[in-house]
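Asks: Residue numbers (the numbering used here), protein chains in the order written: chain F, 1 to 258; chain V, 1 to 258; chain E, 1 to 258.
Just so you know, these hints were derived from the structure itself, not from any lab. Do not rely on the hints blindly, as some may be mistaken.
Said to hold, decoys possible - Not the full set, but computed from the structure, chain E residues with beta-carbon under 7 Å of chain F:
no.	residue
1	PRO38
2	LEU40
3	ARG42
4	GLN45
5	VAL49
6	LEU228
7	ALA229
8	SER242
Yeah, the Cβ is synthetic: ideal placement off N, Cα and C, and Gly gets one too.
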Amino acid sequence: MNELAAAALSVSLAAATPVESVTKARTVSAEDVRSVAPALERYTQEALVGDVWKRPGLSARDRSLVTVAALIARNQTVGMPHYFRLALDNGVTPAELSETITHMAFYTGWPNAMGAVGVARDIFAERGIGPDQLPKAAPELMPIEPVGEAARATSVHQNVGPVSEGLVKYTGELLFHDLWLRPDLAPRDRSLITVTALIANGQVAQITFHLNRAMDNGLTQPQMSEVLAQVAFYAGWPNAMSAVPVVKDVFEKRSASK
Amino acid sequence: MNELAAAALSVSLAAATPVESVTKARTVSAEDVRSVAPALERYTQEALVGDVWKRPGLSARDRSLVTVAALIARNQTVGMPHYFRLALDNGVTPAELSETITHMAFYTGWPNAMGAVGVARDIFAERGIGPDQLPKAAPELMPIEPVGEAARATSVHQNVGPVSEGLVKYTGELLFHDLWLRPDLAPRDRSLITVTALIANGQVAQITFHLNRAMDNGLTQPQMSEVLAQVAFYAGWPNAMSAVPVVKDVFEKRSASK
Amino acid sequence: MNELAAAALSVSLAAATPVESVTKARTVSAEDVRSVAPALERYTQEALVGDVWKRPGLSARDRSLVTVAALIARNQTVGMPHYFRLALDNGVTPAELSETITHMAFYTGWPNAMGAVGVARDIFAERGIGPDQLPKAAPELMPIEPVGEAARATSVHQNVGPVSEGLVKYTGELLFHDLWLRPDLAPRDRSLITVTALIANGQVAQITFHLNRAMDNGLTQPQMSEVLAQVAFYAGWPNAMSAVPVVKDVFEKRSASK
Numbered sequence: 001m002n003e004l005a006a007a008a009l010s011v012s013l014a015a016a017t018p019v020e021s022v023t024k025a026r027t028v029s030a031e032d033v034r035s036v037a038p039a040l041e042r043y044t045q046e047a048l049v050g051d052v053w054k055r056p057g058l059s060a061r062d063r064s065l066v067t068v069a070a071l072i073a074r075n076q077t078v079g080m081p082h083y084f085r086l087a088l089d090n091g092v093t094p095a096e097l098s099e100t101i102t103h104m105a106f107y108t109g110w111p112n113a114m115g116a117v118g119v120a121r122d123i124f125a126e127r128g129i130g131p132d133q134l135p136k137a138a139p140e141l142m143p144i145e146p147v148g149e150a151a152r153a154t155s156v157h158q159n160v161g162p163v164s165e166g167l168v169k170y171t172g173e174l175l176f177h178d179l180w181l182r183p184d185l186a187p188r189d190r191s192l193i194t195v196t197a198l199i200a201n202g203q204v205a206q207i208t209f210h211l212n213r214a215m216d217n218g219l220t221q222p223q224m225s226e227v228l229a230q231v232a233f234y235a236g237w238p239n240a241m242s243a244v245p246v247v248k249d250v251f252e253k254r255s256a257s258k
Numbered sequence: 001m002n003e004l005a006a007a008a009l010s011v012s013l014a015a016a017t018p019v020e021s022v023t024k025a026r027t028v029s030a031e032d033v034r035s036v037a038p039a040l041e042r043y044t045q046e047a048l049v050g051d052v053w054k055r056p057g058l059s060a061r062d063r064s065l066v067t068v069a070a071l072i073a074r075n076q077t078v079g080m081p082h083y084f085r086l087a088l089d090n091g092v093t094p095a096e097l098s099e100t101i102t103h104m105a106f107y108t109g110w111p112n113a114m115g116a117v118g119v120a121r122d123i124f125a126e127r128g129i130g131p132d133q134l135p136k137a138a139p140e141l142m143p144i145e146p147v148g149e150a151a152r153a154t155s156v157h158q159n160v161g162p163v164s165e166g167l168v169k170y171t172g173e174l175l176f177h178d179l180w181l182r183p184d185l186a187p188r189d190r191s192l193i194t195v196t197a198l199i200a201n202g203q204v205a206q207i208t209f210h211l212n213r214a215m216d217n218g219l220t221q222p223q224m225s226e227v228l229a230q231v232a233f234y235a236g237w238p239n240a241m242s243a244v245p246v247v248k249d250v251f252e253k254r255s256a257s258k
Numbered sequence: 001m002n003e004l005a006a007a008a009l010s011v012s013l014a015a016a017t018p019v020e021s022v023t024k025a026r027t028v029s030a031e032d033v034r035s036v037a038p039a040l041e042r043y044t045q046e047a048l049v050g051d052v053w054k055r056p057g058l059s060a061r062d063r064s065l066v067t068v069a070a071l072i073a074r075n076q077t078v079g080m081p082h083y084f085r086l087a088l089d090n091g092v093t094p095a096e097l098s099e100t101i102t103h104m105a106f107y108t109g110w111p112n113a114m115g116a117v118g119v120a121r122d123i124f125a126e127r128g129i130g131p132d133q134l135p136k137a138a139p140e141l142m143p144i145e146p147v148g149e150a151a152r153a154t155s156v157h158q159n160v161g162p163v164s165e166g167l168v169k170y171t172g173e174l175l176f177h178d179l180w181l182r183p184d185l186a187p188r189d190r191s192l193i194t195v196t197a198l199i200a201n202g203q204v205a206q207i208t209f210h211l212n213r214a215m216d217n218g219l220t221q222p223q224m225s226e227v228l229a230q231v232a233f234y235a236g237w238p239n240a241m242s243a244v245p246v247v248k249d250v251f252e253k254r255s256a257s258k
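So that you can see chain F by itself, here it is in the shape it has in the complex (with noise of 0.2 Å):
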């Protein structure tokens, strides 16, 4: 039995598999959930499938994006296969999707990271998506804005300075002189995932410095009212209620200092 359970279990953390398995493994199918709450698949049909994810002022590519970053912010490795197929065809790209993990380490914890890194291999053989349409592991950085990095690091030294000064070494050096500067995410994506992953996990002491700065580099209020919408259903009402009242505040100072 042990060549059996070396197999199974190799098998059952998605080690390379063929398609049919991961398929047929990973996800619950509309049957099974009819067979337990009817209600459910009449609220995943009409109102998540059939509207939310039809609503105009976020692209069914940005949604997939605030899909894919919820899951890895939380850790939901079972639901990942179809949401990471699902963004791939919406126009997400490997690249993109490559580098949503890698951005995901840093904002929600390697071992999130880790399990999306379990899920994607699968993907990327099943499509035969191979290292040439993978970001480098270091291409040449985009410049840094050096007006914002300065009040950045200023407020970091500060901060975090008389407490940890690792912390502070670490989030200069690897997040925003190398990981925001990669090329292969947009900054404004890079906003858009780490925003949502900030919501989905309720850490909303972070959101203020994150959401100014995704709207510096480029999501509009409109776009961030419907992530608040996608993430309810992603990561439960109460973390998208709990993100309300500050991303309120972002929203007044910024149009009040207009």
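Using the hints provided, position chains V and E relative to the given structure of chain F.
Replies: Structure of chains V and E alone, referenced to chain F:
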């Protein structure tokens, strides 16, 4: 090996499987716990199983609802088979468990509910629970309570309206004019699992509204006190302790207003 | 197929299995990471493995305790086999790992501890770690520190008493008069994993009490600074950043009171 792989995978993610295999696979035995942490097994038997679950003030049926809600809220599928079965044994009806899963989709996120569906599907199959015992997808709804709903709608319109019209729309149409009015789970029980989910996920900012609603729906103060103790074991002490000041404030304001 | 299903399932959820299979199944290889996100593999090797883990100020043994606590706190079982083995290799004793799992049951929830049991069981079996190397279920407890305990008991009685007598009872009897006095994990180490769990789960409101207790128990300010950097990688930057103001406040108040 593809056939084996497919079988292993579809099984390991709880596609229809025999009772024995699900039971065996998804529980950590007392012997396992003793072999790793003898003290944990002692606390489990003496304190949790032998004392907490038998405390007066909250019925075993309600403790099961609370525990199931905490597991779904935290997406802990491994513990679900045991506690879903225990809930049914303790008097939670299949229709109530079905509605609990649907309710949790909105309050803890769609993927959490889908994880619960995968487990409930097997248990319903093993117990021969068919469509006749499940709620209708679109039953006749209970009448809405106009005064409280008007206050809620006004508050959401004022606070959420400027931030996300979509969130306002779905909160009204799907949650308070549909989900909460479904007849197969009592409003008091919907409130019980909602408050449990908020505490289990540390969503303190949402407790005041839902605890007041819960007590309006018939949840008593002694029952709520026991919910906190039950959740402490299943979601950890810090989540229970972080909820205490808010629960205390609600208790005090309600007794003062009498 | 029942036999196969049973085998696959019991294996895929880590019932006793051969070393190789667990190892193979539960780790995402460096090659896997490169095939999806080359940059993530670079950050892992250069920054995390090559730099963070080698920083002075916190020993590899303590970093292992912190990482194990973060994984259990977030219920990330897939990463546990690697980091449980690394912890044992870095000098965490089997008894200390056993006590860590028991301690986490109270501070992160019973299901989290049970998930860790399923992994530790296999690793203890693979390394021939038997009952003789584990803590007693009910050993002679260390003496309680009367002054601090009196202050804690009074505070809990006043703040939690009016809300949940059950929570007051178990907090005293099980946590502070039993768990914390168990001799097989030093109070300083219990504090280290407790503070880590609070940061990893964003439970900021509970940090002040436990960080002061940790420093009373011997955790130094430089060590705590490194804990924040370590947790940032394993639980995500936002959780570390949200903890910073509270940690800063504790540091300042303690140095002022000297």
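Asks: With chain F as the partner, please determine if ARG42 (chain E) meets the hint condition of a C-beta pair closer than 7 Å.
Replies: This interface hint holds because 4 Å falls under the 7 Å limit.
Asks: Tell me if ALA229 (chain E) is really an interface residue toward chain F, meaning its C-beta lies closer than 7 Å to one of theirs.
Replies: 3 Å, holds
Asks: Is the interface hint satisfied for VAL49 (chain E)? The criterion is a beta-carbon contact with chain F at less than 7 Å.
Replies: 11 Å, violated
Asks: Identify whether the interface hint at GLN45 (chain E) stands, where standing means a beta carbon of chain F within less than 7 Å of its own.
Replies: Because about 10 Å separates GLN45 (chain E) from the closest Cβ in chain F, which is outside the 7 Å limit, the hint is violated.
Asks: Holds or violated: LEU228 (chain E) as interface residue toward chain F, Cβ cutoff 7 Å?
Replies: Hint holds; LEU228 (chain E) Cβ to chain F Cβ min 4 Å, cut 7 Å.
Asks: A closest beta-carbon separation below 7 Å is what the hint needs, so does SER242 (chain E) meet it against chain F?
Replies: Because about 5 Å separates SER242 (chain E) from the closest Cβ in chain F, which is inside the 7 Å limit, the hint holds.
Asks: Does LEU40 (chain E) pass the interface hint, meaning its C-beta sits closer than 7 Å to a C-beta of chain F?
Replies: Status holds, d = 4 Å.
Asks: For the restraint on PRO38 (chain E), tell me whether the closest CB of chain F is nearer than 7 Å.
Replies: 4 Å, holds
Of the hints listed earlier, those the structure fails to meet are numbers 4, 5, in rising order.
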